[in-house]
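Line by line, the protein sequences give chains A and B.
Quick note: the first sequence uses my numbering, first residue 1, plus one each step.
Quick note: the second sequence uses my numbering, first residue 1, plus one each step.
Simulated from the structure, these hints should not be mistaken for lab results.
Be a bit skeptical, because a hint or two may be false.
[Stated by the list, open to error] Chain A side only, calculated, beta carbon under 7 Å to chain B, not exhaustive:
hint	residue
1	PHE82
2	ASP312
3	TYR317
4	HIS320
5	ILE327
Every residue gets a Cβ at the ideal spot worked out from N, C-alpha and C, and that includes glycine.
Listed below are the residues making up each chain.
2 protein chains.
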Amino acid sequence: MAEFPFLIDATSGAARTGVLRTPRGDIRTPAFMPVGTAGTVKTLTTGQVKAAGADIILGNTYHLMLRPTPERLARLGGLHKFMGWDGPILTDSGGFQVMSLSKIRRINEEAVTFQSHIDGSRHLLSPERSIEIQADLIGADIVMQLDECVSWPAEEARAAEAMRLSARWAARCKTAFGDRDGQALFGIQQGSTIEALRKESSDRLTETGFDGYAIGGLAVGEGHEAMCAVLDYAPAMLPPDRPRYLMGVGKPIDIVEAVARGVDMFDCVLPTRSGRHGQAWTWDGPITLKSARFAEDESPLDPDSDCPASRDYSKAYLHHLVKAEEILGQVLLSWHNIAFYQALMAQIRAAIAEGRFEAWRAAFKARAVS
Amino acid sequence: MAEFPFLIDATSGAARTGVLRTPRGDIRTPAFMPVGTAGTVKTLTTGQVKAAGADIILGNTYHLMLRPTPERLARLGGLHKFMGWDGPILTDSGGFQVMSLSKIRRINEEAVTFQSHIDGSRHLLSPERSIEIQADLIGADIVMQLDECVSWPAEEARAAEAMRLSARWAARCKTAFGDRDGQALFGIQQGSTIEALRKESSDRLTETGFDGYAIGGLAVGEGHEAMCAVLDYAPAMLPPDRPRYLMGVGKPIDIVEAVARGVDMFDCVLPTRSGRHGQAWTWDGPITLKSARFAEDESPLDPDSDCPASRDYSKAYLHHLVKAEEILGQVLLSWHNIAFYQALMAQIRAAIAEGRFEAWRAAFKARAVS
Numbered sequence: 001m002a003e004f005p006f007l008i009d010a011t012s013g014a015a016r017t018g019v020l021r022t023p024r025g026d027i028r029t030p031a032f033m034p035v036g037t038a039g040t041v042k043t044l045t046t047g048q049v050k051a052a053g054a055d056i057i058l059g060n061t062y063h064l065m066l067r068p069t070p071e072r073l074a075r076l077g078g079l080h081k082f083m084g085w086d087g088p089i090l091t092d093s094g095g096f097q098v099m100s101l102s103k104i105r106r107i108n109e110e111a112v113t114f115q116s117h118i119d120g121s122r123h124l125l126s127p128e129r130s131i132e133i134q135a136d137l138i139g140a141d142i143v144m145q146l147d148e149c150v151s152w153p154a155e156e157a158r159a160a161e162a163m164r165l166s167a168r169w170a171a172r173c174k175t176a177f178g179d180r181d182g183q184a185l186f187g188i189q190q191g192s193t194i195e196a197l198r199k200e201s202s203d204r205l206t207e208t209g210f211d212g213y214a215i216g217g218l219a220v221g222e223g224h225e226a227m228c229a230v231l232d233y234a235p236a237m238l239p240p241d242r243p244r245y246l247m248g249v250g251k252p253i254d255i256v257e258a259v260a261r262g263v264d265m266f267d268c269v270l271p272t273r274s275g276r277h278g279q280a281w282t283w284d285g286p287i288t289l290k291s292a293r294f295a296e297d298e299s300p301l302d303p304d305s306d307c308p309a310s311r312d313y314s315k316a317y318l319h320h321l322v323k324a325e326e327i328l329g330q331v332l333l334s335w336h337n338i339a340f341y342q343a344l345m346a347q348i349r350a351a352i353a354e355g356r357f358e359a360w361r362a363a364f365k366a367r368a369v370s
Numbered sequence: 001m002a003e004f005p006f007l008i009d010a011t012s013g014a015a016r017t018g019v020l021r022t023p024r025g026d027i028r029t030p031a032f033m034p035v036g037t038a039g040t041v042k043t044l045t046t047g048q049v050k051a052a053g054a055d056i057i058l059g060n061t062y063h064l065m066l067r068p069t070p071e072r073l074a075r076l077g078g079l080h081k082f083m084g085w086d087g088p089i090l091t092d093s094g095g096f097q098v099m100s101l102s103k104i105r106r107i108n109e110e111a112v113t114f115q116s117h118i119d120g121s122r123h124l125l126s127p128e129r130s131i132e133i134q135a136d137l138i139g140a141d142i143v144m145q146l147d148e149c150v151s152w153p154a155e156e157a158r159a160a161e162a163m164r165l166s167a168r169w170a171a172r173c174k175t176a177f178g179d180r181d182g183q184a185l186f187g188i189q190q191g192s193t194i195e196a197l198r199k200e201s202s203d204r205l206t207e208t209g210f211d212g213y214a215i216g217g218l219a220v221g222e223g224h225e226a227m228c229a230v231l232d233y234a235p236a237m238l239p240p241d242r243p244r245y246l247m248g249v250g251k252p253i254d255i256v257e258a259v260a261r262g263v264d265m266f267d268c269v270l271p272t273r274s275g276r277h278g279q280a281w282t283w284d285g286p287i288t289l290k291s292a293r294f295a296e297d298e299s300p301l302d303p304d305s306d307c308p309a310s311r312d313y314s315k316a317y318l319h320h321l322v323k324a325e326e327i328l329g330q331v332l333l334s335w336h337n338i339a340f341y342q343a344l345m346a347q348i349r350a351a352i353a354e355g356r357f358e359a360w361r362a363a364f365k366a367r368a369v370s
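Given the sequences, and given the hints that come with them, work out the whole structure.
Below, the structure is given as structure tokens:
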């Protein structure tokens, strides 16, 4: 285990910055991973994603299972080659999206079975099959255990049951994963918003032992305050020498507050989804380009950015593209948002490294949340 | 007049290759102009269009009139600045799309009036207003006269009437255009598929005198053979020392045959429209990426291309993107098609320059038409 060296260069309270070394390249932490759902970070070329500053992207096992299918991906040489991304890729286990997207599913000790939301075809996902798909067929660099994520709010008994099933599945995933060169396996802490369950989950995962630890079951409707309350204790329950990954989070303010509480990695569809819906993230919060107030605004989204989408096009032009429903508007706003998220992470890393994270965080919150 | 030097370097029968010099850069001819309908070559950044090899793009006056409006464009510094394209831009006059897209229109000697297909608002387009919009407000490098393009088939009397109105409007456009530094005005030959009308149109335009001459009223349903029959005589009626532009054409085979008959410039939405509908143009003809036969085809569309979209992605990946209705599929296929059209023009230019155009044309037709 501990396949990938994780070097922490500096800390500020619970926050830390460093690098996770992988055979496909370094991941600077805290890191934001753009989501490449079905083999594409939506609307963007991998060249654009790389130019935006991303070190690693995420692939969704559920989507790739249905299309193009893991076996086809394997015959085509794996996901990296398929989509033209030579940096590291993390895949989720598929479990979360089975619960949120598929039509009919049944979960038992052995596995989850479900019907595709696309064509109704039947599929099975067990801990062993999830590892096979992610590690052998997709060829992910970072593989996630299969888990059960309960909806929110959850009764304690239900949350405990799902957490314990996830812990047993974690051990099966580790056995199935075995010893692999150049790939890492992360466990997932569950337990809803209940501290004792999070503790039990962490203890069981740590006993099994993983290359990294995710915090699952948040950003499912509990809201920013409740999430922060869990993050006040949940990251510290996990081994300090391994990366901590908060799944599916989030808005910039969520990320900043999670970093302050010891989280190292993030993923979220928000920047690309917002971009496709005409929204741009800025240091002053999100703006809706369709608004008439941008119709003759000649300023770009960020004149200081290295990203062409942020720097080279006026808000007036983006307003026009969104109003005219031009695809280029979706492309440029997705690209800008990914670049903005990467710029956010770069500022966070620099602030921690330079010992001024708390001041940076206060200034960020004063500016962006209002 | 003759604002832009047109230097013919080599000929092969009626075909010629050379360069049209503009203050914003050279246009290598024969040239294909990607269509940037409403301030965007659909789905593509201007950087991608330039990387595909385009020297000049086309803007549609009708679309820009409705959105963002010419006055707003002028306040924002013109179309080049607005969309981030520093090469030359040719704009059409708006007349053709008024006829094909707007809901209610009335045409008389003075002008055409119409209702927007977007919001029903009323607009007027006269020769003088068309020049003002294109030359003063949009800031086009090459401005087209306002003309009336009849549908096909047209009765001779109707075709003659429209051609003569177009000739009178051509003279009014020239007066309105006046003497301008750095911008050129093209007249448009009309006359449907009737040789005598094409001759009369050419004589009247030549008498007025333009910087270049377009052939209008083709590619409106008459088909490849009928179009070639007109091109057997129509280009030769126009001054040999000025560029000839066949509007709205077309498929690669149309372009090759028009070049062979003396045409220098082309525009068409086909490469971008095909791309958005999952079709790729190749040296062997168009292919539909959704077809199951590409599901595991690891070859790229063109391994020898400099365009990333043509060279760096397998057909299997493009098949997946099209099947999954991912926007990136539309982007990559549009980009490839624009690059393919530019590669086609580059091959045509090289073949003429090297005195082997007839052999190249025969080989192209043997390969692509089958």
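Status of each hint after checking the structure:
1. PHE82: 6 Å, holds
2. ASP312: 6 Å, holds
3. TYR317: Given a least distance of 6 Å, the restraint on TYR317 of chain A holds.
4. HIS320: 5 Å, holds
5. ILE327: Holds, because the Cβ-Cβ distance from ILE327 of chain A to chain B comes to roughly 4 Å (cut-off 7 Å).
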